[in-house]
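Sequence lines, in order, name chains A and B.
As numbered in the working numbering, residues 212 to 500 make up the first sequence, in order.
As numbered in the working numbering, residues 10 to 398 make up the second sequence, in order.
Treat the hints with caution; some may be incorrect.
[Claimed, not checked] Computed, partial: chain B to chain A, Cβ under 8 angstroms:
no. : residue
1   : H58
2   : Y61
3   : Q268
4   : R294
5   : P361
[Unchecked claim] Calculated from the model, a selection of chain A residues having no Cβ within reach of chain B, i.e. all distances over 10 angstroms:
no. : residue
6   : L241
7   : P327
8   : E377
9   : L408
10  : R494
[Claimed, not checked] Here are the simulated SDA-like pairs of lysine to any residue, each with C-alpha atoms no more than 25 angstroms apart in a straight line:
no. : chain 1 : residue 1 : chain 2 : residue 2
11  : A       : K432      : B       : A62
12  : A       : K363      : B       : P361
13  : A       : K432      : B       : Y61
Hints were generated in silico from the structure; no laboratory data involved.
The beta carbon of each residue, even a glycine, is placed where N, CA and C say it ideally should be.
Each chain, letter by letter, is given below.
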Amino acid sequence: MLSPERRLSLVLALVLVAASVAALPAQKALLPNRSGSLKFLALGDNGTGDRPQYELAQQMTKARDSFPFDLVIMLGDNMYGSQTPADYVRKFEQPYAPLLAAGVRFHASIGNHDRPEQVSYKHFNMNGQRYYSYVRNNVRFLALDSTLMDQKQVAWIETTLRGAGEEWKICYFHHPLYSNAARHGSSVDLRVLLEPLFLKYRVNVVFSGHDHVYERLVPQKGIHYFVSGSGGQLRRGNMRRSEQTAFAFDQDLSFMLVEVDGAEMFFQVISRTGQTVDSGTIRRQEQAQ
Amino acid sequence: MSDDSRRIPVWRASVPRLSAFAVEHLLLLPLGAAIALVWVNLAPESYYHFTYAIAFAVNDVAMMFFFALVTKEVVEATAPGGVLHPWRRALMPVMASIGATLIPALIYSRAVDALDEPVLSIAWPVSFATDIAVSYFIARIIFQLHPMVPFLLLLAIASDVLGFLMLALFNPAADLHLVQGALIMAGAIGIAFSLRRARVKSFWTYLLAAGGLSWWAFYRSGLHPALALVPIVPFLPHAARDPGFFVDASPADKDALSQFEMWWRYPAQAALLFFGLVNAGVPFRALEAGAWGLPIAVIVGRPLGILMAVGVAVAAGLHLPQRVSWRDLVVVGFTAAIGFSIGLFFCSALLPPGQLRSETSMGVLLTLVGAPLALVAARLLHVGRFARH
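Just chain A, with the same shape it has in the complex (with noise of 0.2 angstroms):
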């Protein structure tokens, strides 16, 4: 149960955001928004609790009033710095309440910097476990812990992926199979034990943060992959475009907003002024196998 003080913080952080949300300019919907599709929010390295960390959830709550996506996906460093209860509600409470309130669900995935107790906390619905699975609509999500990635889980994710049905595989984690931002770059070592898994059970797309930047690979062995790290920290400038680059954003914060519909998905990527930054389509059967 929240304390008295906490409710009345957060009832005014609702009503703040609601103000500033309507201010904000609209934005252009470049997804097909069709009834009955998945709509999710990918989102990562985003709580610091603050100003840019709040401007660019106004924008996500602003896209929801177009897009009504009910899924959060976060890709790790949920939470920088201190992480006791009051960081919880400053660094994801406050400025989340809006989707919150409209009954978003947050499934969150553990970085570097978040502490393991984050497991049990009910709004990322970890259910107390490092990595998990479920399935929404065509799509099984698989929320891995690329910080410790042992053998128990990597048995795991080969019988979870074995196991899945759906037409959509989705797995998403905070450290970059593929990533050309300067700071860290490429898990080369986790690629190495996991593309293997990935590519045998026809993996579609992987999300990942770690690298405060956005990036769209060119599909790497028919692997969709995206880096999008600037939730609420940004590394501006510290993208190096390769060969393996398709589009890369790092002047501003920004998270992706996805649809999944039949053998399609689309993205698009707004970032904290409300631009689009990138937009697409991925169709499943483009998987080379």
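Place chain B on chain A using the hints.
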């Protein structure tokens, strides 16, 4: 100036013995680590493909012989003339090792939190590790034949034993089947005991029969099988007197333990080369501030912990060894901060591949700064070879 001219001959006098020791014990692991660092930062994909393929053979099998040889040194040290004979001599260093491990572990947990990488806190047992060979080498340079050298050796052994214990008890990745392992181990020890009773002199019989079963016991129990020969080596017949720490056996020594050492000395060094290659490959871009947690913890915590623990021991009525001062203990603290081989081993046993292992391994490599710090501290505190006469 006159001080320097007096010191140089002493320094030179110690070089031949120590340089032989360095060639025998210290070169191949750093060489493997250096190759790994260059390789992983130039061609990471091929590095990981290669090292993942051989990691089990190196870490879980070949390293068994390195730990067997370390155990051999400890077993011999319990014989008359050894640093562990009589056992009471070990009391003060063992007491010191409790402070030398607990304080760094506490500092480590706080440091990684302060450095905003709290997930690294699971690696706290790595802060227990002390590289016996490197710290012995540095201690010999500083202290020459001073009683601080055996003190340091005992401290290092006790710290590592505590570390292995923590590794077994608090390894989040371990899937423990201790009862099953204990039953198989009872069989292995029974075989080793019977061989000793039957006065079997060939180390191969101990190695293949008891050692093989012991490896299986460790493996099944979920404990690290590289330690498989640790409980078997004490059963090998050995010399009545300790030849000295890190004194190599000669062909004239016919006891099973000396023969074992002569046969496995160089293969174990090769194992260390590959161990460095497999476990020290740290991509520099994977590093964040958390990599500093370990060096900070051991550089600050090791001397502090030793001073605190020895202070408690002295207050409880124990005595410092003769010619040992509190300033010596500070220098030994920096020397014992070097984790290197044991630290890398703890990393590989505790952490799966990924950023946490990379950062902790880099932290282990950074603990080598304990060597120059010990030399600087010795000079500033006028300790060992830098003492004022």
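When the structure is checked against the list of hints, which entries are broken? Sort them ascending. 3, 7
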